[in-house]
Each structure stands twice: as structure tokens, then as C-alpha cells.
Amino acid sequence: MSPSAGAFWWLFLMAVLALVVILTAFAAALIIYQRRFLQMHRTFADNLLAAHEEERAWVAREVHDDALQRVAMLVHELDEWPGTPAGNASASATERVAALREEIEDLGVMLRRVAHRMHPALIDHAGLVPALQSLAMDVTRSSGIRVEVTDELRLDGASPPAGERALLVYRIAQEALRNVVKHAGVSQCDMLVALSPASIELRVTDRGKGFVADDAAKERGLGLISMAERARLADGRLEVWSRPGDGTTVRALIPRQAL
Amino acid sequence: MLWTLSLWQRHAVSRLAFRIAIPLFLVTVVALIPTVSDSRTFDTVTRPFQALLLLASALYTLVRNAASDPGGVTRQDWFWVTLGTSLYFAMRVALPPFAAILVSSHQELVRLAYFVQAWADIAVFLLIARGIWCPLPQARSGGFF
Numbered sequence: 000m001s002p003s004a005g006a007f008w009w010l011f012l013m014a015v016l017a018l019v020v021i022l023t024a025f026a027a028a029l030i031i032y033q034r035r036f037l038q039m040h041r042t043f044a045d046n047l048l049a050a051h052e053e054e055r056a057w058v059a060r061e062v063h064d065d066a067l068q069r070v071a072m073l074v075h076e077l078d079e080w081p082g083t084p085a086g087n088a089s090a091s092a093t094e095r096v097a098a099l100r101e102e103i104e105d106l107g108v109m110l111r112r113v114a115h116r117m118h119p120a121l122i123d124h125a126g127l128v129p130a131l132q133s134l135a136m137d138v139t140r141s142s143g144i145r146v147e148v149t150d151e152l153r154l155d156g157a158s159p160p161a162g163e164r165a166l167l168v169y170r171i172a173q174e175a176l177r178n179v180v181k182h183a184g185v186s187q188c189d190m191l192v193a194l195s196p197a198s199i200e201l202r203v204t205d206r207g208k209g210f211v212a213d214d215a216a217k218e219r220g221l222g223l224i225s226m227a228e229r230a231r232l233a234d235g236r237l238e239v240w241s242r243p244g245d246g247t248t249v250r251a252l253i254p255r256q257a258l
Numbered sequence: 000m001l002w003t004l005s006l007w008q009r010h011a012v013s014r015l016a017f018r019i020a021i022p023l024f025l026v027t028v029v030a031l032i033p034t035v036s037d038s039r040t041f042d043t044v045t046r047p048f049q050a051l052l053l054l055a056s057a058l059y060t061l062v063r064n065a066a067s068d069p070g071g072v073t074r075q076d077w078f079w080v081t082l083g084t085s086l087y088f089a090m091r092v093a094l095p096p097f098a099a100i101l102v103s104s105h106q107e108l109v110r111l112a113y114f115v116q117a118w119a120d121i122a123v124f125l126l127i128a129r130g131i132w133c134p135l136p137q138a139r140s141g142g143f144f
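Respectively, the protein sequence lines represent chains A and B. Just so we're aligned: the first sequence equals residues 0 to 258 in numbering that gives the first Met the number 0. Just so we're aligned: the second sequence equals residues 0 to 144 in numbering that gives the first Met the number 0.
Don't read these hints as lab results, they were simulated from the structure. Some hints could be false.
[To be verified] Just a sample of chain B residues kept apart from chain A, beta carbon distances all over 10 Å, derived:
hint: 1; residue: L23
hint: 2; residue: I32
hint: 3; residue: A55
hint: 4; residue: S67
hint: 5; residue: Q106
hint: 6; residue: R110
hint: 7; residue: L111
[Said to hold, decoys possible] Derived DEER-like restraints, expressed as beta-carbon distance ranges:
hint: 8; chain 1: A; residue 1: E53; chain 2: B; residue 2: A11; range: 28 to 38 Å
hint: 9; chain 1: B; residue 1: G71; chain 2: A; residue 2: R116; range: 56 to 66 Å
hint: 10; chain 1: B; residue 1: G71; chain 2: A; residue 2: V211; range: 19 to 29 Å
hint: 11; chain 1: A; residue 1: H40; chain 2: B; residue 2: L31; range: 37 to 47 Å
hint: 12; chain 1: A; residue 1: A14; chain 2: B; residue 2: L108; range: 16 to 26 Å
hint: 13; chain 1: A; residue 1: S198; chain 2: B; residue 2: L135; range: 48 to 58 Å
hint: 14; chain 1: B; residue 1: V62; chain 2: A; residue 2: E53; range: 16 to 26 Å
hint: 15; chain 1: B; residue 1: P22; chain 2: A; residue 2: V113; range: 52 to 62 Å
hint: 16; chain 1: A; residue 1: P254; chain 2: B; residue 2: G71; range: 50 to 60 Å
By construction, the Cβ of each residue, glycine as well, lies at the ideal position given by its N, Cα and C atoms.
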């Protein structure tokens, strides 16, 4: 090979090498940037959900500790009012007070339901399974859809789930049941909660209208996205099986410990 | 040089890529040592590699920044410095192979080419000096992507 051809050959080789270095650097930078961006997005979503839950807990506490106490006091005041049978008020006034008392009691029931829905204190006091059973009863009461709850406890001495993870599973169940009420068009659905030392599994199944699972996110708004996001934040996963006319199954598998 | 160019990048990915390219360049040069054992040949191999890498980096910075900031590029230090370094490394890449071809048959032409390179180097230093005289950019506040 002549010296001039050799010089061009080396130049070509070095150009290829420089190109490889540049492309490798850009590929590595893209991967690192993407990972950082995902991590940031994840932290943001985590903080957002935590702030959301904190706000809900605060509202629930205020409703329970303040508004409900005032309602109870009003009922008590009306009980003590001289217009009640022992008093000497006219019959129409007594009837109006009785109606008012009934309205206030209804308001109390409604406020208690709102507080419970905002932040289910039952999770903290009784645990996840009783809270889910209570949720099922609430859904039955408000929508008429019977929710069959089955629990499989295989804890092997481990403590039942509590705190954030239990609340997260509860929220997923809440959203899944809301979807059943809004979209499935059924009179009954099933909820399975399986607890093991390693994971929490939640499965909500209905035999309703179903949908094309691929179109779920765009057609059903934020519901499925928020369930998936909650599951992902806990290093778990959410699976949705559905076909038009064949019902829907939502399954969330959440590890007990962060991975 | 790569680190300086990284500071002028507008996008986080480019900035990171320029910084990653530094260890990659060093690793490549070290890897070339056993491949090219003769010290004179080593120089003729690594110089074009270094020049090509820096030429590409400087041109990328120049084009990318000029495209995203079309108004008033002449007031920016990066414009003059990358213009100067692009010219400098372009001469370093182009001249040696042509000199190798022409040195036996057209020595006068080779001499003229090196004469042009010397004047180009002076122009390069003037361009870089012009960049140094540009006002310092305002520091960015907060994060950006």
C-alpha cells in the first residue's frame, strides 16, 4: 500500500472510530437521561399521590372530628328542645322540629359516608380485609350491585398489610368497583383478596359488558391509568382482561416490601 | 475541550453525551496503543481521530446552537470559539492525507498548503479571541431540560 493510500485508509478508519465514539456517547446519554426522567416522573407521581392521600385524610378528619360532632350536638339540642312531647309547643312546630331532626341525622349519615370514602379509617383500625368488605357493602348500598368478597389469608405468621400499601390496594379496589358500577351493567361482581407474606393480590371480576382492553386508557379516562400508576408505584403490576360481552377482570399484584 | 463544549449545550442529552465522550475518547486512545505500536505511526493515527472527534463536536455545537438561537449569534462566545475550533480541526483533518499524496510530485503545492494553514491558524486564534471578548452570558436559574 502506498503512503498516500495508507494515510487515507487511516483517516477513514479514524473517522469510523470517531463516529462510533460519538454515537456511543449519545446513546449512553439518551439512556441515562431517560432513566433520570423516569425516576423524576416516578418520584413526582409518588409525592403527588401521597399529597393527595394526605389531603383526603385531612378532609376526612375535619368532617369526622368537627362537622359530625356539630351535627351530633344539633341532634342533642333538638332532643332537649321544649317543643318535644314533654314541652308545650304547638303540634305543627313539634312536627317541624322532628322533621328537622331527621334531616340533620341524614346529614350526619351522609357526612360519615363522605369521611369514610375520603379516608377509610377502618384500614388503620381493623385492617385491609374488613375495610374491603365495608367498601363492598357501601357499593351494594349505593348502587344495588352485590359484591361478593372472598379472602384467602396465607400469612404464615406474617403481619397483615397496613399503612400505605393497604391504602393503595383499597384505592385500586375502590376504582375497580367504580368502573363496575359505571360501565359493566351487572347486578353482581366478585372481589378476591389474597394475602401472603410476600404479596397482596386483588382481583375484581364482573360478567358485564366488557371492553376492548387496548382502548381502555383512552375510553375510560383516568381510572385505569390511576390504578396502574398506583400499582407501579408500589413495584407491583396491574393486569386487565376484558372482551366486549365477556366481562372484565382487574388484577393487582402488590409486593409487601418495596423491591 | 469536550467539557467546555458540553457547557454550551442547550439540551441535557447533548450535554451529557459530550461528558460521556471524554472517558470514551481516553479509553479509545488507550486501546489504540497496542494496535499501533510505532510511536510515529501512533501520532499520525490518533491526531486525526482527536481532530475528527473535536471537529464533529464543535460543528455540532455551532449548528445546533445557531439553529435554536438564530438572532444575534455574533454576540455569543460559543459562536466565535466553535467557528474557530471547527476551522482549526478541519485543517488538521484535511491537510496530512493530501500532503502525503502531493509531497513527492507537487512539493510547492504542499508548501503553499502549509502556508495557508499557518494563516488559517492565525485567523482561528483571532476568532477565539473575539469569542473571549464577548460579554459573559447570564447564569441560568433553576433546572432546565
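Does 48 to 58 Å hold as the CB distance between A/S198 and B/L135, or does it fail? holds, 57 Å
Okay, B/G71 versus A/V211 on CB: inside 19 to 29 Å? violated, 53 Å
I want to verify a distance hint. Is the separation of the beta carbons of A/H40 and B/L31 within 37 to 47 Å? The hint (37 to 47 Å, Cβ to Cβ) holds, given that A/H40 and B/L31 are roughly 41 Å apart.
A/P254 and B/G71, beta-carbon distance inside 50 to 60 Å? holds, 55 Å
If I take the minimum Cβ distance from B/L23 to any residue of chain A, is it greater than 10 Å? violated, 5 Å
Determine whether the non-interface label on B/I32 survives the test: each CB of chain A must be over 10 Å from its CB. Non-interface label on B/I32 holds, nearest chain A Cβ at 14 Å vs cutoff 10 Å.
Holds or violated: the 16 to 26 Å window for the beta-carbon distance between B/V62 and A/E53? Since the Cβ atoms of B/V62 and A/E53 sit about 49 Å apart, the hinted range of 16 to 26 Å is violated.
State, for the Cβ atoms of A/E53 and B/A11, whether the hinted interval 28 to 38 Å holds or is violated. holds, 32 Å
So is B/R110 really clear of chain A, every C-beta pair being over 10 Å apart? holds, 17 Å
Could one say that the CB atoms of A/A14 and B/L108 fall in the range 16 to 26 Å? Since A/A14 and B/L108 have Cβ atoms about 24 Å apart, the given range 16 to 26 Å holds.
Report holds if the minimum CB distance from B/L111 to chain A is greater than 10 Å, and violated otherwise. holds, 18 Å
Against the range 52 to 62 Å, how does the distance between the Cβ atoms of B/P22 and A/V113 compare: consistent or not? Holds, since B/P22 and A/V113 (Cβ atoms, about 59 Å apart) stay within the stated range.
In summary, the structure is inconsistent with hints 1, 3, 10, 14 from the numbered list given earlier, while agreeing with the others.
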